[in-house]
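Enquirer: Please construct the entire structure, taking both the sequences and the accompanying hints into account.
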Amino acid sequence: MLKIENLHVKVDGKEILKGLTLTVPTGEVHAVMGPNGSGKSTLANVLAGRPGYEITSGTVTFQGRDLLALAPEERAREGVFLGFQYPVEIPGVNNVYLLKAAVNAARKHRGLEEVDAFEFLTLVKEKMRLMRMEDSMLSRGVNEGFSGGEKKRNEILQMLVLEPRLAILDETDSGLDIDALKIVAHGVNTLRSPERSLVLVTHYQRLLDYIVPDHVHVLVKGRIVRSGDKSLALELERRGYDWVTGEAA
Amino acid sequence: MTKSSEAISGAEPRNAALSKRLLDEYAAVRESLPGEVVSPARRQEAIQAISARGLPTTREENWRYTNLRPLERARFAPAAASAAVEAGALGTAAAIGAPALPLPSPSDLPPRLAGFARYAFVDGTFAPELSSPEEQAGLTVQSLRRAAQGTPGRPGSATVFQLSRALPALGNLSEARLALLNEAFATDTAAIHVGGAAEPARVELLFIALAGADSGASYPRVQLGLEPGSRLVLVERHIGAGAGSHFVNTSVDVDVGRGAHLTHYRLQQAGARATWLDTLSAVLAADARYGLLAINTGALSARSTTHIQMAGSGAELALSVAALGDRQQVQDNFALVEHIAPRARTEQTFRGIASGRARVAFNGKIAVREAAAGTDSRQSLRGLLAGPEAEIDVRPQLEIYTDDVRCSHGATAGKLDESMLFYLLSRGLSPEVAQRLLKWAFLEDVVSKIELPELRRQIEHDLAAQMADASLKELL
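Chains as they are written, first to last, in numbering that gives the first Met the number 0: chain A, 0 to 248; chain B, 0 to 475.
Note that these hints are calculated values from the structure, not bench results.
Errors might be hidden in some of the hints.
Unchecked claim - Distance condition first, Cα-Cα at most 27 angstroms in a straight line; then the derived DSS-like pairs of lysine-lysine:
{"id": "1", "chain 1": "B", "residue 1": "Lys364", "chain 2": "B", "residue 2": "Lys448"}
{"id": "2", "chain 1": "B", "residue 1": "Lys448", "chain 2": "A", "residue 2": "Lys99"}
{"id": "3", "chain 1": "B", "residue 1": "Lys414", "chain 2": "A", "residue 2": "Lys9"}
{"id": "4", "chain 1": "B", "residue 1": "Lys414", "chain 2": "A", "residue 2": "Lys150"}
{"id": "5", "chain 1": "B", "residue 1": "Lys414", "chain 2": "A", "residue 2": "Lys99"}
Expert: Okay, here's the thing in structure tokens:
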């Protein structure tokens, strides 16, 4: 599904990713963990195509195609989804309109007709119940006046409606209380399937109690320094990041 | 500062030549101008005042963003009056007859709003063929030209009401002096009087510019008086027929009595090649409420001057303006809100978008006079730069002469928010759709204040058309 090889990325002239290599096969859930400043969010943003990141070398292949050659909207239509660490508020752009525009953009890309308005609304409401969101949130501006937890739930709602092939969730657990974390994790788990891959970018092990990953990678100073199964996350939790940062130094 | 800049502009040779031409044009048509609309003496005063002071120039601080070049080649005499002179019909209101061009068909006009009486004016003169008057309790609407002629069978047409205050105050403000030009050349006046009634009166004024600028100007003119405690919802719409260029100079005079409520929607949808100049002056008595919402999308060169005096204690004003400029349009707005009496509250919201090579400006001045203790004034001005060659000028000005005030103001001008844009792209929207969507959202602070759902839909359609975006229609 996703193959990253020797990726080097600079932000404002400073190298953040220094030769990152990572392969995520179809149907798997991978967690990328790391201390603050290790390059986790840079990785997520580069995959989604955010401007302001200078890729100096390396390749990213998504389903056999050069992902870095695609514009952000093309990546989205091809099935790449980024769950934002800090979802923006867009007052005046209605939530349901954005959802519909996003779904239709992807459908058009695949040569399909636009969704039927009624069926679409029924689907969205069903997913909203799963995310324990009030119907009234649909008619509000995108994330407008939402609490931190509501914004994160709205990200997952968008993901559930868009049904991406590859979802990258950037610190989706940050700022969530335990109840909201369970709702979000439940939402993510319903999307797990043999056709779909997930990359969870997180600082804490906590999320991984609810979304159990197939593989765990530790990112330190722009490189993957250690990979393993879910027990690696538990070991990190017990021993702290000093354990791996010491090794990387 | 204003005085010295006037002196300079008055002495400028080009402007002096313009003033001379103005006087000549006036002399040629004055006999044909209806004295029942504005008395010959008042017209004479007005034309002398404006020619002595000179037409505005961009050297003046509060005119620097206006495109005043159309003034240099404009024909100031009203198209109808010029035609009357040529036909040899002089002297009375009847001299100005039907326009020389065919009237637009009612089906070409914006749809009527349910429950609103419509009064249409073509090139500033009442057009009964396109109007749908409606009797409403407490409401009198008159064409002063018609009223003088004594149109039978129209309620209230026998008495022409007078505004409670003296009108010459109009041109005293340097920024408002184009109203003098209107006073000198006006061919008609829409006079609206509202007395107390259980239900608010509902009126739509539709001004249609028909004559091309080469055959003369159009002078829409409104005098609006609300008796104490009365209520009115007024929709004032300006459109242009055909693709021709028009020269329009509007004057609106508003008097909101004690405790009266006026909701006033102004839609400037003039033709794409039109020059549209406008002066609105309003005085609010104690506890009066005035909601003034303007959407300016039309014309090639537009300038709106708004002067509102909070003359009675506890009066409230909500002034909201949205302006869209594309191609080479100039949308210039100047608003002066004067707090004269204590405890008045005012709120100003401006949202402007400049695309293409357009210039969009809002110059919002708030003056708090000595006696205006307890003033509460808020101002939020935001401009969006949506093209590399576009220009946005938002300028808040505060002049405070008393201590006991609460004034807050914010002014920003900038490009589309990059993080919002990326968010939409990351969901698969194309850059074009994402940008238009964000522009749309930017206007929300003004559009959401439109309380009439039917009018709001019309305005949203107009805005969507202006932004030339089919995908936005889905929103509506």
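Enquirer: Would you mind marking each hint as holding or not holding in the structure?
Expert: Taking the hints in turn, this is what the structure says about them:
no. : hint                : in the structure
1   : B:Lys364 - B:Lys448 : 22 angstroms, holds
2   : B:Lys448 - A:Lys99  : 26 angstroms, holds
3   : B:Lys414 - A:Lys9   : 25 angstroms, holds
4   : B:Lys414 - A:Lys150 : 25 angstroms, holds
5   : B:Lys414 - A:Lys99  : 26 angstroms, holds
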